[in-house]
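Residue numbers (numbering that gives the first Met the number 0), protein chains in the order written: chain A, 0 to 312; chain B, 0 to 312.
No lab work stands behind these hints, which were simulated from the structure alone.
Model, not experiment: these values are computed from the prediction.
Positions of the beta carbon are idealized from the N, C-alpha and C atoms, including for glycine.
Check each hint, because a few of them may be wrong.
[What the hints assert, rightly or not] Non-contacting residues of chain A with respect to chain B, defined by C-beta distances greater than 12 Å in every case (computed): (1) D78; (2) V81; (3) T157; (4) G159; (5) A186; (6) Q206; (7) S207; (8) L210; (9) G254.
[What the hints assert, rightly or not] Which stretches of chain B does chain A cover? Using the computed rule of at least three CB atoms under 8 Å from a CB of chain A, they are: (10) 18 to 31; (11) 40 to 47; (12) 260 to 273.
There are 2 protein chains.
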Amino acid sequence: MSSGDAERATAFAPASIGNVAVGFDILGLAVDALGDRATVIKRAQAGVGVSAIRGVVQNLPLEAAKNTAGRALEAMLADAEVDFGVDVEIDKGIPLGSGLGGSAASAVAAVVAANRVLGGRYARLQLLKFAMQGEQVASGSLHVDNVAPSLFGGLALTVGIDEPRVKRIPAPAGVRAVAVHPHMELATKQARAILSPTVSMSDFVWQSANLAGLIAACYTDDVDLIRASLEDVIIEPQRQSLIPGAGAVRAAALGQGALGCSISGAGPTMFAWALEADGERVREAMQAAFTGVNIKSDGWVVEIDSPGARLIA
Amino acid sequence: MSSGDAERATAFAPASIGNVAVGFDILGLAVDALGDRATVIKRAQAGVGVSAIRGVVQNLPLEAAKNTAGRALEAMLADAEVDFGVDVEIDKGIPLGSGLGGSAASAVAAVVAANRVLGGRYARLQLLKFAMQGEQVASGSLHVDNVAPSLFGGLALTVGIDEPRVKRIPAPAGVRAVAVHPHMELATKQARAILSPTVSMSDFVWQSANLAGLIAACYTDDVDLIRASLEDVIIEPQRQSLIPGAGAVRAAALGQGALGCSISGAGPTMFAWALEADGERVREAMQAAFTGVNIKSDGWVVEIDSPGARLIA
Numbered sequence: 000m001s002s003g004d005a006e007r008a009t010a011f012a013p014a015s016i017g018n019v020a021v022g023f024d025i026l027g028l029a030v031d032a033l034g035d036r037a038t039v040i041k042r043a044q045a046g047v048g049v050s051a052i053r054g055v056v057q058n059l060p061l062e063a064a065k066n067t068a069g070r071a072l073e074a075m076l077a078d079a080e081v082d083f084g085v086d087v088e089i090d091k092g093i094p095l096g097s098g099l100g101g102s103a104a105s106a107v108a109a110v111v112a113a114n115r116v117l118g119g120r121y122a123r124l125q126l127l128k129f130a131m132q133g134e135q136v137a138s139g140s141l142h143v144d145n146v147a148p149s150l151f152g153g154l155a156l157t158v159g160i161d162e163p164r165v166k167r168i169p170a171p172a173g174v175r176a177v178a179v180h181p182h183m184e185l186a187t188k189q190a191r192a193i194l195s196p197t198v199s200m201s202d203f204v205w206q207s208a209n210l211a212g213l214i215a216a217c218y219t220d221d222v223d224l225i226r227a228s229l230e231d232v233i234i235e236p237q238r239q240s241l242i243p244g245a246g247a248v249r250a251a252a253l254g255q256g257a258l259g260c261s262i263s264g265a266g267p268t269m270f271a272w273a274l275e276a277d278g279e280r281v282r283e284a285m286q287a288a289f290t291g292v293n294i295k296s297d298g299w300v301v302e303i304d305s306p307g308a309r310l311i312a
Numbered sequence: 000m001s002s003g004d005a006e007r008a009t010a011f012a013p014a015s016i017g018n019v020a021v022g023f024d025i026l027g028l029a030v031d032a033l034g035d036r037a038t039v040i041k042r043a044q045a046g047v048g049v050s051a052i053r054g055v056v057q058n059l060p061l062e063a064a065k066n067t068a069g070r071a072l073e074a075m076l077a078d079a080e081v082d083f084g085v086d087v088e089i090d091k092g093i094p095l096g097s098g099l100g101g102s103a104a105s106a107v108a109a110v111v112a113a114n115r116v117l118g119g120r121y122a123r124l125q126l127l128k129f130a131m132q133g134e135q136v137a138s139g140s141l142h143v144d145n146v147a148p149s150l151f152g153g154l155a156l157t158v159g160i161d162e163p164r165v166k167r168i169p170a171p172a173g174v175r176a177v178a179v180h181p182h183m184e185l186a187t188k189q190a191r192a193i194l195s196p197t198v199s200m201s202d203f204v205w206q207s208a209n210l211a212g213l214i215a216a217c218y219t220d221d222v223d224l225i226r227a228s229l230e231d232v233i234i235e236p237q238r239q240s241l242i243p244g245a246g247a248v249r250a251a252a253l254g255q256g257a258l259g260c261s262i263s264g265a266g267p268t269m270f271a272w273a274l275e276a277d278g279e280r281v282r283e284a285m286q287a288a289f290t291g292v293n294i295k296s297d298g299w300v301v302e303i304d305s306p307g308a309r310l311i312a
């Protein structure tokens, strides 16, 4: 065993806002205010065991192949070709079916912790691929818009699936993200199933312009361009009906000066971007709108730049 | 008449590469090596007259409402509410139906020249709207991917149609654009008509990633990411059959180290991006591939940053 190895390690991986309105399946934003922890413990027996699930979610599969963290670790150990196995304990801080990337965070925390047990042999981009295998178990598709920001932090763009490249997009100066989680559950698989398999050419062009505009605006701190481009014309109109009060929440956010407001990932969490001075007011307005349809919620105002998953023990 | 007015003025507007592979209808790149000139002359009689069309194209409509430059000037004079009219003489440097934005360039040159005659009262973004009215006459659609770079120069992204915002995307260091124009004509209307009215969700996600990746790569001089993202998975596969040798031209460019190669606008011009050291070799290979299917061509290697339309007299 090399000096870099460890018998056990614990990692934290943040929640994340998927899609960020205009980057369906490719753009995500870490929300460092909450996250999942995974503790990986070396064991003699080969394979992966899920030995505990604690925290805000507990009714998750204990069978490794059906558990996002377990499946990610199986992919990792198969690649590493080691003669030992691992147990993983998961501490969930991210609510189930919240649209905050909980399944991705568990997988990311697990592979970051396991990488310590394996002597740090894997670069982050390789860890991304293992975590994607885990995420697929939960969502039914191989997408990266939660895995990438949870692992790399900040606003993360992923180009390519087979050979993914992750690009950290700089946070526009003075802009904050607001996330409001209504106390209801929405399964990602359900939210994906209602999506049309095609996009009209005109919506495709419009959304493309918004995406390119948002990326360019982030590099140039162009708040006006963020306001013009942070709008989802394709996915949100199809999913909005799944979230009671979604329209009112969006209107409330924009009414308080938000630069844009949309659904986080598959929902039901809603997010907004706002100038720092408006952040708390936007959060309050969004939560009040959910209250208006008798739904309790939690809300956060966070930095757009944040560190991503890391070892904590 | 204010001191800023002039009795006549002449402007040059460059050719442009439309779409730039991943930004259908929203991204374009000025090609300063060739362009159109327009001379606008004040006259007592109200309205717009197209008094001459010279250069590499001559068989264009002389009726102002059917001429791209004429139509743009009509829109401009209607907005300006002046009590005089203008004649416009057009010197075409951009071949007809080449995919190099000739109709856009004529309209842009005309409005830039006319703005001098009108005392410079319009900002560039207002000129863009007038030129778009002209471009619509030729292409049948209100798109901006040629008008914006021809007017603003460089690599230009346009967000929004009703209230367009143009963002100059910085040229990645050390990268050049190559354009090769085969001696054949392709009507934009025809090239648009063959496009499917819908895009599959998976292609939409893939192309979105490529577009966002290219924009981010330009801001960070990330040549590897340009190579990964400068690929059109939606439009080019549908249009490639309209251009004899297109597949061979693309293969030839990539074989000489091009970062990407696709169709300029509606075609038949093909373009590539390449490192400065490879630019001439890529151009030669692309032209040789056209020669291989018995089509003569012209080729240029140009800077990605360039100044856009300007007064020359």
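Exercise for the section: Would you check chain A against the segment 260 to 273 of chain B, counting CB to CB pairs closer than 8 Å, and say if three or more residues qualify? Expected result: As far as the segment 260 to 273 of chain B goes, the hint is violated, because 0 residues have Cβ atoms under 8 Å from chain A.
Problem - Whether A:D78 stays farther than 12 Å from all C-beta atoms of chain B, as the label says - result: Check passes; 23 Å lies beyond 12 Å.
Exercise for the section: Verify that the Cβ of A:L210 lies farther than 12 Å from every Cβ atom of chain B, and report whether the claim holds or is violated. Expected result: violated (5 Å)
Problem - Non-interface label on A:A186, tested against every C-beta of chain B at 12 Å - result: The assertion about A:A186 holds, with a minimum of 19 Å to chain B.
Problem - A:T157 and chain B, when compared Cβ to Cβ, separated by more than 12 Å - result: At roughly 7 Å from the nearest Cβ of chain B, A:T157 sits no farther out than 12 Å, so the non-interface label is violated.
Problem - Status of A:G159, Cβ more than 12 Å from any chain B Cβ - result: Violated: least Cβ distance 6 Å, not greater than 12 Å.
Handout entry: No chain B beta carbon within 12 Å of A:V81's
Key = holds (31 Å)
Exercise for the section: Check whether three or more residues of the segment 40 to 47 of chain B sit with their beta carbon closer than 8 Å to a beta carbon of chain A. Expected result: violated (count 0)
Problem - Least C-beta distance between A:G254 and chain B, which was stated to exceed 12 Å - result: holds (21 Å)
Problem - Interface-negative label, A:S207 against chain B, beta-carbon threshold 12 Å - result: violated (6 Å)
Practice task
Evaluate the condition: distance from the CB of A:Q206 to the nearest CB of chain B exceeds 12 Å.
Solution key: Nearest chain B Cβ is 7 Å from A:Q206, so the label is violated.
Problem - 8 Å C-beta test of the segment 18 to 31 of chain B against chain A, three or more residues - result: holds (count 5)
In terms of the numbered hints stated before, the structure departs from hints 3, 4, 6, 7, 8, 11, 12, listed from lowest to highest.
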